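*Asks:* Listed below, chain by chain, are the residues.
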Amino acid sequence: MAKVLMKGNEAIGEAAIRAGCLNYFAYPITPQSEVAEYLAKRMPEVNGVFLQGESEVAVGYMIFGAAACGERVMTTSSSPGISLMSEAISYISGARCPAVFVNIMRGGPGLGGILPSQGDYLQATKGGGHGDYKMLVMAPDGVQEAVEMTMLAFPLAEKYRNPVMILGDGLIGQMMEPVEFPNNLNKEPTNKDHWATNGMDTRKSKEKNIVKSLFLDPKVLNDHNLTLKSQYEKMKKQEIRFEAYNTDSDYQILIVSYGTMSRVCKTVIDNLKIQGIEVGMIRPKTLFPFPEKAVYDAACKKSCKKVVSIEMNMGQMLEDIERCVKGKKEVSWYGKCGGDVPTPEEIINHIKLLLK
Amino acid sequence: MQKEVMFAGFGGQGILLSAKLLAYAAMEQGLEVAWVPSYGPEMRGGTAYCTVVVSDRLIGSPIIKNPAHLVAMNRPSLEKFAPDVKPDGVILINSSLIHVKTKRNDITELIVPANEAAANLGNVRCANIIALSAFAFKSKMVDIDILCKCVEEEFASKPKLIPLNIKAFNEGLKIADTK
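Chains as they are written, first to last, in the numbering used here: chain E, 1 to 356; chain F, 1 to 179.
Please keep in mind that the hints were generated in silico from the structure rather than gathered at the bench.
Being a predicted model, the structure only gives us computed values, none of them experimental.
Using N, Cα and C, we set each Cβ at its ideal position, and we do this for glycine too.
Errors might be hidden in some of the hints.
Distance windows between CB atoms, simulated [what the hints assert, rightly or not]:
id	chain 1	residue 1	chain 2	residue 2	range
1	F	L17	E	N191	42 to 50 Å
2	F	I162	E	Y61	26 to 34 Å
3	E	H130	F	I146	49 to 57 Å
4	F	A156	E	K352	30 to 38 Å
5	E	N225	F	F155	54 to 62 Å
6	E	P109	F	D145	46 to 54 Å
7	F	E152	E	D193	46 to 54 Å
8	F	P159	E	P182	31 to 39 Å
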């Protein structure tokens, strides 16, 4: 298929449709409103549903409802909106329903700003809502990857019966790049007859399915949490995705960076190479499960003196990197969170400071 | 080889469209491209700018501090961004609205009275197309014929506008050719 030039937001909308998602509920918020604009037009063309909720709180539960019925369903929002949905995300996780959440992050906390940010790393990977739950979180570095990850999100959500989050930022949503839509995806949802409230007519078993997150019996609730945990452990075994960049070199500095920021870092690495300074990078594509071993191994390389986390926030992934590096090397952070994406020049200066 | 151009002006001057057409043309040529708009608070105050990055290999940072070229459609844009342009670049100055120059002698100034030329063609709104083709001609960032086809395709759903925009496109080439 030929490449088309698309905004990240529109491409995510199209990717959802191509992945067989016919249910989209959302509430507008900059910088991701184009997803809703695009799907408001596209969903009726494919007999799908777009419904704008009265708030993000309502949207979260519309997602829960559709997911409980076994439908492929997605919402998109930006940071403050995701906070409002976090209660529903906890319920959806507790009830083991598959659903896709897209967070095109903007600056925070509070209303913050509307420019790109990565300030929701901890919210996405460590909770946001209450209870022992995890989302599978994927972080695209451009429009093409946003498409691929969105299409992958639906089968993964169904495989684990768990919400999946695409964690992008304002730049990925607003930027246009050429994209190619893969068409090898199996659009057929997995069989959900054993758990979804999808009607008794077509089901062989006459047993009622009940979707819930309330388990008052302590033993039952503990067992339920153990089941959830086993799914997260399975994700850690099967779903870790990352890219290693210039790690064949004898790098002195190891960068760990994701999303938009990692692209800026690639330019940094290329430019420093010309100047005779080798820098390597591990780019997590999945933020949960985190590429723990890859980061540890890369940090332990003999030539590597220091590890630096480069993020558009005040140092959130830094905590995961420190955990993985286990004190073997010095780990520090560089970043900004007002909305100005750090430029290659700024990062190069910082790397040179680290080497002094 | 990577080249970048920043289009800048008032909201409503067709900045984002000019940039998009250039990006389309580059993509049609088989190049890698990123179109990065301003969508922040400054846009809401009235100025719009947009960067197009074109490269023969995967584009790293889409955030560009020093673009190779600049298309300035109003004076605040010229004053703000002209100092950032890399040496040997092209700076297009829309002389209909900008009555100053850059004071730089390490770049090529391309003076285009885009609004007046557009008004002479019957519609001032095609000033952005005049600037686009003049810039493309001078900078050689994309193939002119492919760019012209992209302009035609852009207006395919409003065929009435195609002749005007093609006229504007050719007018831009003419202006750039005589400079």
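*Asks:* Of the hints stated earlier, which fail here?
*Replies:* 2 and 4
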